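Colleague: The chain contents come next:
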Amino acid sequence: MGCWTMAGITFREAARKKILWTALLAGLACLVLFGIAMKYQMEDFQTRATAPFIRYQILSAMLMLGLYTVDLLAVVVTILTSVDTIAGEISSGTIHAIATKPIPRWQVLIGKWTGFACMIAAYVAIIFGGMIAVGYWVGGVTPENPLQGALLVCLECLLALSVTFMFGTWFSTLTNGIIVLGLLGFAFMGGWLEQMSGFTESGRLVAVGIVSSLLMPSEAIWRRAAFEMQAPLAGSLPFSPFANVSIPSMTMIGYAGFYLLISLVIAVYHFHLRDL
Amino acid sequence: MRNLSLEVRRGSIFGFLGPNGAGKSTSIKMLLGLVRPTSGEAFVLGSPAGGVEVRRKIGFLPEHFRFYEWLTPAELLHLHGRLCGMSASQLRERVPPLLDMVGLAPHRDKHIHDFSKGMMQRIGLAQALIHEPELIFLDEPTSGLDPMGRRLVRDVIRSQRERGATVFLNSHLLGEVEVTCDHVAFIKDGEVVASHDLRIFGQGEIRVVVRGRNFTTQVVAGLAAWGTGMNLEGEQLTFTTSSRDALPDVLRHLVAAGSEIYEFTPERASLEDLFVRIMGEDRGL
Numbered sequence: 000m001g002c003w004t005m006a007g008i009t010f011r012e013a014a015r016k017k018i019l020w021t022a023l024l025a026g027l028a029c030l031v032l033f034g035i036a037m038k039y040q041m042e043d044f045q046t047r048a049t050a051p052f053i054r055y056q057i058l059s060a061m062l063m064l065g066l067y068t069v070d071l072l073a074v075v076v077t078i079l080t081s082v083d084t085i086a087g088e089i090s091s092g093t094i095h096a097i098a099t100k101p102i103p104r105w106q107v108l109i110g111k112w113t114g115f116a117c118m119i120a121a122y123v124a125i126i127f128g129g130m131i132a133v134g135y136w137v138g139g140v141t142p143e144n145p146l147q148g149a150l151l152v153c154l155e156c157l158l159a160l161s162v163t164f165m166f167g168t169w170f171s172t173l174t175n176g177i178i179v180l181g182l183l184g185f186a187f188m189g190g191w192l193e194q195m196s197g198f199t200e201s202g203r204l205v206a207v208g209i210v211s212s213l214l215m216p217s218e219a220i221w222r223r224a225a226f227e228m229q230a231p232l233a234g235s236l237p238f239s240p241f242a243n244v245s246i247p248s249m250t251m252i253g254y255a256g257f258y259l260l261i262s263l264v265i266a267v268y269h270f271h272l273r274d275l
Numbered sequence: 000m001r002n003l004s005l006e007v008r009r010g011s012i013f014g015f016l017g018p019n020g021a022g023k024s025t026s027i028k029m030l031l032g033l034v035r036p037t038s039g040e041a042f043v044l045g046s047p048a049g050g051v052e053v054r055r056k057i058g059f060l061p062e063h064f065r066f067y068e069w070l071t072p073a074e075l076l077h078l079h080g081r082l083c084g085m086s087a088s089q090l091r092e093r094v095p096p097l098l099d100m101v102g103l104a105p106h107r108d109k110h111i112h113d114f115s116k117g118m119m120q121r122i123g124l125a126q127a128l129i130h131e132p133e134l135i136f137l138d139e140p141t142s143g144l145d146p147m148g149r150r151l152v153r154d155v156i157r158s159q160r161e162r163g164a165t166v167f168l169n170s171h172l173l174g175e176v177e178v179t180c181d182h183v184a185f186i187k188d189g190e191v192v193a194s195h196d197l198r199i200f201g202q203g204e205i206r207v208v209v210r211g212r213n214f215t216t217q218v219v220a221g222l223a224a225w226g227t228g229m230n231l232e233g234e235q236l237t238f239t240t241s242s243r244d245a246l247p248d249v250l251r252h253l254v255a256a257g258s259e260i261y262e263f264t265p266e267r268a269s270l271e272d273l274f275v276r277i278m279g280e281d282r283g284l
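Chains as they are written, first to last, in numbering that gives the first Met the number 0: chain A, 0 to 275; chain B, 0 to 284.
If we strip away everything but chain A, and leave its shape as in the complex, we get (with noise of 0.2 Å):
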């Protein structure tokens, strides 16, 4: 009961910031980019005859460039919205009148942890939504497996917010964003070294990439969402930056869920300890 009562107010309170709407506003402006850059594609592939194959490879890697830009986004926003959330309402004393209530601490933050995700989720179906609509409509492209890419890239999501959640019971608002922003850029950096190895053929670059996504799995998460959404022959190509080079295994995503899981857990049982 707590539990709803929590998600229900943080849902409200996370709606309620001008960053979600600052987000939606940026992530409205990237699908009318993404509608206009593919309109004049397609006049350019019918001013030049450009033969079908091309034109569908050349959708295909706009279609996910757009998505990979939506994924960042919810990444992001995930972040800023919730890196305030635990940290900065122990540091302000509002959680004094919270956590006197009767409700265990676990239903506090957990039911926290629902609302955002909930807001997260919306935010995904509407710009990741949108981004295949305008594909579609514009290019007449569509990716494959566009539920389990949703799915991938909400996964992703939930796990920088479990680890926000969770350095968030221990460090202050700014500490916490700085620590969980350098663990995804550093996942970041892991991954397109990872991917930089289809080119170079360097197997210790696969070892690099492989240990910073055990580190911080989320870029993972996004490749194995770029393989899922790719037809087949445009994942093979080498020459594009979303190349099925190295693909993250089904181990490697269940690695991811239980990477979170683990979080959501630290973050429960240090909350449940601290003195607030």
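Warning: the hint list may mix true and false statements.
No farther apart than 30 Å at their CA atoms in a straight line, the calculated lysine-lysine pairs in the BS3-like style are these [stated by the list, open to error]: (1) B:LYS187 with B:LYS56; (2) B:LYS187 with B:LYS116; (3) B:LYS109 with A:LYS17; (4) B:LYS116 with B:LYS56; (5) B:LYS116 with A:LYS16; (6) A:LYS16 with B:LYS109; (7) B:LYS187 with A:LYS17.
With the C-beta cut set under 8 Å, the calculated list includes, among others, these residues of chain B facing chain A [stated by the list, open to error]: (8) LEU33; (9) PRO61; (10) TYR67; (11) ARG162.
Since the hints were made in silico from the structure, they are not lab data. No experiment lies behind these values; they were computed from the predicted model shown. Beta carbons: idealized from backbone N, C-alpha and C, even for Gly.
The hints should help you fit chain B onto chain A, whose structure is shown.
Modeller: This is chain B only, laid out in the frame that chain A set:
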């Protein structure tokens, strides 16, 4: 905190007093389960402090009450009521009179970010009372309030005692404590150093200052029948008596012995005098 031992009678208003940094807020936080003691145990309403079940019977106003500023006071009370396990229909009945009690009924549709500090204290007090708790912890409830607001809080606290609730009050405003509380405890460096029953304290020691002439040695010695600590300096005679009933006899004795009296002033020791005596002049509030 060290060797903190407190006993608060049910249905009373208890004042917890001490200088800054003495450990008053920390003590309340330990009793509410916000802070864990490194050793020792505390029981609140017969149950271990901090448990979910005992929190069902407790209301708490933090020293600096803050909450989501985008809520209206009615929404805030509904939220806190839901967290206390109240149903929507219970809250529909409870919220309007509670807003009225704390003087916020005319502001029920305003957002909290438009509230003054005093209004925040009032809504904070209302959320502490939403579920009609048996025990209410108020940490500096009159901080930031104007005289009208202070009177309102005083009336609310008394009405809670009449309802049968126990009120545990932290306050720096000793005048407020003196007129509101039944009992007080003084805390210094994490230890309770004194406690007083203010209902008895108010009837206790009276210091009498008499200004006049012809205070002979016999006159002064004769005061021993009613008082102690006689001190004569020039035209000012001071002594202490334990009963207000003795004052007419003292005055008659002085006049009958030929003393000329210009001024006869009985003064009760205030809570502030007691506080300064216990804490020392330099500790400050």
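Colleague: Each hint should be assessed against the structure and marked as holding or not.
Modeller: Going down the list of hints, with the structure as the test:
Taken as a hint, the LYS187 (chain B) and LYS56 (chain B) pair is honoured in the structure, with Cα atoms around 29 Å apart against an allowance of 30 Å. Restraint check: the Cα-Cα separation between LYS187 (chain B) and LYS116 (chain B) comes to about 29 Å, which is no more than 30 Å; the hinted pair holds. For the hint pairing LYS109 (chain B) with LYS17 (chain A), the CA-to-CA distance comes to about 20 Å; that is within 30 Å, so the pair holds. Among the hinted pairs, LYS116 (chain B) with LYS56 (chain B) is consistent with the structure: their alpha-carbon atoms are about 27 Å apart, no more than 30 Å.
A C-alpha spacing of about 23 Å is found between LYS116 (chain B) and LYS16 (chain A), which places the hinted pair at or below 30 Å, so the restraint holds. A C-alpha spacing of about 18 Å is found between LYS16 (chain A) and LYS109 (chain B), which places the hinted pair at or below 30 Å, so the restraint holds. Proximity of LYS187 (chain B) to LYS17 (chain A) is assessed by CA-CA distance (about 46 Å); at most 30 Å being required, the pair is judged violated. With a cut of 8 Å, the hint placing LEU33 (chain B) at the interface with chain A holds, because the nearest CB-to-CB distance is about 5 Å.
Hint on PRO61 (chain B) holds. Least Cβ distance to chain A is approximately 4 Å, under the 8 Å limit. Because the smallest distance between the Cβ of TYR67 (chain B) and any Cβ of chain A comes to about 6 Å, under 8 Å, the interface hint for this residue holds. For ARG162 (chain B), the interface hint is violated, since its Cβ never comes within 8 Å of a Cβ in chain A; the closest pair sits about 19 Å apart.
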